[in-house]
Every structure is written in structure tokens, then in C-alpha cells.
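> From first to last, the protein sequence lines are chains A and B. So the number in the numbering used here is just where the residue sits in the first sequence, counting from 1, plus 52. So the number in the numbering used here is just where the residue sits in the second sequence, counting from 1, plus 887.
If you're looking for bench data, these hints aren't it; they were derived computationally from the structure. All of these numbers come straight from a predicted model, not from anything done at the bench. Don't take each hint at face value.
Unchecked claim - Capping the alpha-carbon separation at 30 Å, the derived lysine-lysine pairs in DSSO-like fashion look like this:
hint	chain 1	residue 1	chain 2	residue 2
1	A	K57	B	K1056
2	B	K1113	B	K1133
3	B	K1149	A	K334
4	A	K104	B	K975
5	A	K57	B	K1121
6	B	K996	A	K104
7	B	K1104	A	K334
8	B	K1040	B	K1053
9	A	K57	B	K996
10	B	K1020	A	K205
11	B	K969	A	K210
12	B	K1113	A	K104
13	B	K1040	A	K205
14	B	K1133	A	K57
15	A	K149	A	K322
16	B	K1053	A	K104
17	A	K57	B	K975
18	B	K1056	B	K1185
19	B	K1113	A	K205
20	A	K210	B	K975
21	A	K57	B	K1149
22	A	K123	A	K385
23	B	K1185	A	K104
Unchecked claim - Covered stretches of chain B (in silico footprint by chain A; criterion: 3 or more residues with CB under 8 Å from a CB of chain A, positions within the stretch not fixed):
hint	stretch
24	985-997
25	1106-1114
Ideal placement from N, C-alpha and C gives every residue a C-beta, glycine not left out.
Next come the chains, spelled out residue by residue.
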Amino acid sequence: MFEIKHTLCPSCSVGCGINVILDDGVVVGTFPYKRHPVNEGKNCLNGRNSIKSIDECVESDASVLKDVVKKLESCENDKVTVVFSGNNSNEDLDSIKSFCESKGYQILSYADNLRKFDTSVSYDDIENASNVFVIGNILYENPLIGRRIVHAKENGAKIYVNDDLENSPTANIADEFSSKSVKEFLEINDANFDDESIILFNKVDSFEDLDLFESTNSKILPVYSKSNTKGALKLVEAISKENAVELLNDTEVLLVFNDDIVNYIDFDFKSISTVISFSPYKNDTTEISDFVVPIKSWLESDGSFTNSADLTQEFSSVYESSQNMGIDEIINKINGEME
Amino acid sequence: MSYVLAKSKDDAILEAGECGGAVTSIFKYLLDNGIVDGVLALRPEDDIYDGVPTLITDSQDLISTAGSYHCAPTMIGNIIQKYFSDKKIAVSVKPCDIRSIDELIKRHKIDPEKIYTVGLNCGGTVSPIVGRKMIDLFYDINPDDVVSEEIDKGQFIVELADGSEKGVKIHDLEQEGYGRRNNCQRCDVKIPRKANIACGNWGAEDGWTFIEINDDKGQELIDAAKKEGFIETKNPSEQSIEARSKVENIMIKMSKKVQNAKFGDAEAMDAWNRCIACYACRDICPICWCHENCELNKSYFKDDINIPPSPIAFQGVRLSHMSFSCIDCGQCDDVCPMDIPVSLIFDKLQKKYCDRTGYVAGVSDDIKPPLYSPDKVEL
């Protein structure tokens, strides 16, 4: 039976809608979700490819949970670190946080070396800004926010771009382009910041740069790489890359819930005594893990993501295929075994 | 080709359907008699702005597809090609849908024997988010309160739950940057004459559907649906036929005007500088059916280090491969994350190609586009 179902794109924090095509219950493609207010049917390549991850499912069974429990019981609680990832829904993050707190485990919340900002900015604010300051190649990396910058330019905004790439799509729409440090970029534009301008960024040179943004009187919109980093940061504040590495150095058992930390933190993960991955898909982290527990993918789950603009959107499972458990179920099971 | 007025003999369908509910009843005839495995039609998912292609296999469910959805600019050709090649289906088609189906039939990607095509005359479609914004701005109505919409007599008309209606001239909406999608404003194929039948309210008496019967299969369909008691029919008056023709001609004239005004912008677009080479335009194109083996994926065209890609190396290849078959469905515009008006140049080239060859993509009766036919020698 041919079906088209709505869901959310999991590939970054913009919060785009995406339609999934099912043929006899099997995911076979995507279809533009034109009614979705964030992206109006437009999806980038990463978004459209997000369904391909189901071809790389973890081949394992949940029976390894008993071994996981043994490992956890044999380790000092403060030597257990849990990766608190924005790939998970708000509901799963609540479960993970409660689990960590009840056991006294360390939490590693890392957000691309960015952190939470207590400002509320909508995507319409980008389109209506007088000046838009962009750090990073946002048109290419987060196109459905990049599109709002294009609209801002069409509406008369002046676009300032700071990035390494001089010929990128983002650089091409800049009225002024520079390749300076973030600190210098903010300093030279100090006179142009006002409450009608907005600063968008998906990277910084260092965690300390983040304080500089708050000293401007512009609106601030960090664009995170994961679909629910904003939701994660509402629960646990992010740490810098240096602090993340320090925490990993002090870890004996690393629990990774639905994340590929090996892919973005430069660290010798083999130095950690035991790495346990809970993941629907194979990735670099599952490759080096001692135990891999399969979990439901976002396509099989209900939940909500909070996007970069602080909009929380619910999604429903589009199919029920695997016998895998959700994170909440797995945590309940571990708790039950450990009692 | 002949004309008939038709209406449903089912009271529930008559109530739910547009102008007589003939389309829904014809689908019901096909399903109830086991002539097709399913009916592919639009059904509102979250609201009337969210039309989603749905396969109906039980005629009881057809009622959920009744009505028109101008704020659901979908494309059905590539869905049939990808997912229904082994099934017998009936499908409702806008002119651009049937044009894509026709081009895919020419490419042996759809078997015409397996499908019944029920055309819907089309004055254009509106993007759902644009539609909601314009209802909020120009109608002073909460878009959530709208229960149905239609395009009639040059107006986009919305209806509320209490039965009241409000219309605004499409021309006025489009002057302000709202209204129909850009490709629809340019489109000069308003009646889907390559479908077995073409249905609509233009020229129709109240409560009746005006049907143009385009081929033998369409005639048999109407005759059988009538014989089996699903629809009743009568002949339209000369006045009706004339009125319908007048609507069509006015709309085509308006489209030509927009073409003349817009085609000049096609070459000078600096919007190509925004291209992120995401291939969304290619992947959604119903004519680009072979994208899994696309030349653009070959190493000699791969240009990953240059983003944006050279327009010649990227769109140039696509233009040379299929612009002569562009059906101006505008899906490439709709899905481009960078809002590049891709269809403008493809449509312009198709029209130029038509000027030289007479070939209108998805409309002309030629077996193949002339580039692929022996006729090309003479060009």
C-alpha cells in the first residue's frame, strides 16, 4: 500500500518537515512537505538522504543488555559518562537525564562548541532584519535557514559574512565578506549591531567567543548541527570541547545514546575501558564500541524536537518495523535489572 | 473529442464533490467494478492546504478525496512511474500531471494501458504557505477557518464553515507577490486534453461537471459509468461550450502576457550563485526519470569542490537533456532550498524549442520529442 506520512527532518536543527513515502510499510522515498511552515517543501540533500540511514541498521540484539548492566554495576558511578545528544527527542532526553541523575553518572553535553543563549529569535526575524551577520557557510550547511538570509537580502538587509570560503553560496550573497577571527569580525562590526540586526552562526573559533555575542545588542541565533540540540540544552548546559575531552579522560564506561561522538571529538576512544552504544544505525562510534544495543530510529518513534528558533514540534512514527526498543524502554529495563 | 455535462447519482458525493461530483463517481465506478486496483488522488491530511497523494482502494474512502485543492501543488507523474508501474490505477490529473505522464509514456516508463486519467481543468495552484499568508493579509480571515477554496472568474475564493465566501482578484494578489505559483502564472495549458477525459466547472451549469471526452477510452468510461448508474449526463448547450472556451482563451492570453514579461529575466539570473548542488531540482523533475544513472553523477561532471557549481556544468547538462520536454510543472522551483526560479529558463527553452519544431511537451501528438525523432534532421 502506497502511503505518504509527515515527519520531521533529523539532519540538523532547522526543524524542517519532510514527507516519507512508504510502499507496503517499507520506506522507499521522500516527498516534499509543502504545508510545513519552516521549509515549505524544500529539503536539502542531507534531509532527503536522512531516510537512507535505515539501510545501515545495527545488527545486534538487545540480549547484550545483560552484559551492559554487568559493566555498569562493576564500575564506580562517577566514572560512567553519558553522551547527552541532540539527536534524541525531548522525551528521550528527559529519560536519559533522569537515568543519569538517579545513578550519579556524569553527563557529557556537547553542542558543536556552542551553548545555549537565553534569547528568543524566530526565522521571521532573519527575514525582517536590517543587517544580517553570518558566521559560517550557512547557505550550504543549513540551507533552509540560508534561504531566510536570501529573503532578508531581497527585503533590503545588508549581509555581512565571515567564513573561510570566499566563493561559497553564503559568500556570494554577502555585501561585505571577511575571513577574520570571530572576535575580530565582531569588533569591526561593533558599530553596525543594533536591535534590528541579527547574528547567525554555526561555528566559532573558541568557546570563549560565545560571551562576545551577548555583548552586542543584536539578536543571536546559533544554528546547531543536531535536530534537538536546543532541546538538550534546555535540560543540560553544554560544555566546551576541551572540557569534553577532560571528561572523557576521566571516564571508564562511556554510554552513547544515539550519537556518533567519535566523528566529531578528536579523542582516543580506545583508551576508555568500555564504550557502549545505543544506536539504530552503524556509525564510527558503534564501530569502536564494546557493546552495541539497537534502538528504534526516529522513523519508528513518537516524540518532539525543539529547533534552533526554539519551536518545539511533535512527530509520530511513520512505521513499526523492528522489534527494537525505544530509549525509554531500554532505560527502564536497565533500571529494572540493576535493582 | 466530444462534450458532456455529468453529475453524480450518489447524494453524499453530490454534496461533497465540486460541481456535481462526477469525478468522484467515475472513480467509484472504476473501483466498484474492479477495473482498477486503486485510485490515486489528493486527500487533505492536516487541513485543506495539505493535499497529499493517496491511494484509495475502497470506494467508501473516495469521499475524502472529493473537492478541489488549489493549495496542494503536487506532481503525480513520477509517483506513478516509480511506485505504480505494475498496478492498474485511475488518477486525477492537472494539465502538468498529464503532460508528465505523456512524456513518461513516450519514454516507456508508464504503460498507458494500465492507467485511467481523469483530467481536472486548472487555472493554477497556490503554494500552501503563500496561500495561508495571503488569506491572512488580504481576506482578513484566519486561514484555519477556511473550509474550502476555489478559483473562479478571476478570483481566488475562500469559503468559511458558515457558508459565507470571500474572493479577491488573482491579478491583485499576484501584483503583490502572492497568488498562483510563478510557473502556473506562465502556464498556457489549462485543459488536460491528453487525459482520457477533462473535467471542470468552466461553462458548466450549476451542479454539473463539464466533461471533455478526449479519446475512445474516455468515451467508454463515461458510457459505462452512466450505464451502471454512477452518473447521469446531458448534452451541454452551445452557450456552455462557448463560455468554457472563452474562459480557457482568457487564461491562455493572460499566461502569454506573463511569459512575455518574465522570460527576459531568465538569462540574467544571479540566483545561480546560490546553488548548493543539492540536486533537489533534478530529483523532483518528473521528466528526469533516470537520475540514478544521471550524467551529473559521473566523475567527469562531479564538481564537489566548486559549490556553487558552474551553471553550465550543472544546469547546462540538465537543460541539454530535457528542457525540450519541460512541462512547466514548477516542482523544481518549489523544492529549491535557495529559491532559484529554475523552471523559468527550462520553460523558456521549451517554448523556444516549440517555436522551432512545434513540439509542446506532453501535449503534442508526436511519438517522441523531435530531438529524438527522425524529424531532427530537418531542423
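> Does each hint fit the structure? Answer for all of them.
Against the structure, the hints come out as follows:
1. K57/A <-> K1056/B: Not satisfied, since the Cα-Cα distance of roughly 34 Å exceeds 30 Å.
2. K1113/B <-> K1133/B: Holds, because 28 Å separates the two Cα atoms, which is no more than 30 Å.
3. K1149/B <-> K334/A: Outside the cut-off at roughly 49 Å; violated.
4. K104/A <-> K975/B: Between K104/A and K975/B the Cα gap is close to 29 Å, so the pair holds against 30 Å.
5. K57/A <-> K1121/B: The given pair, whose Cα atoms are some 41 Å apart, is violated under the 30 Å limit.
6. K996/B <-> K104/A: Measuring from Cα to Cα gives roughly 24 Å; hence the hint holds.
7. K1104/B <-> K334/A: Answer violated: K1104/B to K334/A is near 52 Å, above 30 Å.
8. K1040/B <-> K1053/B: holds (13 Å)
9. K57/A <-> K996/B: holds (25 Å)
10. K1020/B <-> K205/A: Holds, because 20 Å separates the two Cα atoms, which is no more than 30 Å.
11. K969/B <-> K210/A: Violated, because 44 Å separates the two Cα atoms, which is more than 30 Å.
12. K1113/B <-> K104/A: Violated - the C-alpha atoms of K104/A and K1113/B are around 47 Å apart, more than 30 Å.
13. K1040/B <-> K205/A: violated (36 Å)
14. K1133/B <-> K57/A: violated (40 Å)
15. K149/A <-> K322/A: Holds, because 25 Å separates the two Cα atoms, which is no more than 30 Å.
16. K1053/B <-> K104/A: violated (45 Å)
17. K57/A <-> K975/B: Status holds; Cα separation ~23 Å.
18. K1056/B <-> K1185/B: Violated, because 48 Å separates the two Cα atoms, which is more than 30 Å.
19. K1113/B <-> K205/A: At roughly 57 Å apart (the allowed maximum being 30 Å), K205/A and K1113/B break the hint.
20. K210/A <-> K975/B: violated (55 Å)
21. K57/A <-> K1149/B: violated (36 Å)
22. K123/A <-> K385/A: Holds, at roughly 15 Å.
23. K1185/B <-> K104/A: holds (21 Å)
24. 985-997: violated (count 0)
25. 1106-1114: violated (count 0)
Violated hints, listed in ascending order, are 1, 3, 5, 7, 11, 12, 13, 14, 16, 18, 19, 20, 21, 24, 25; each of the other numbered hints is respected by the structure.
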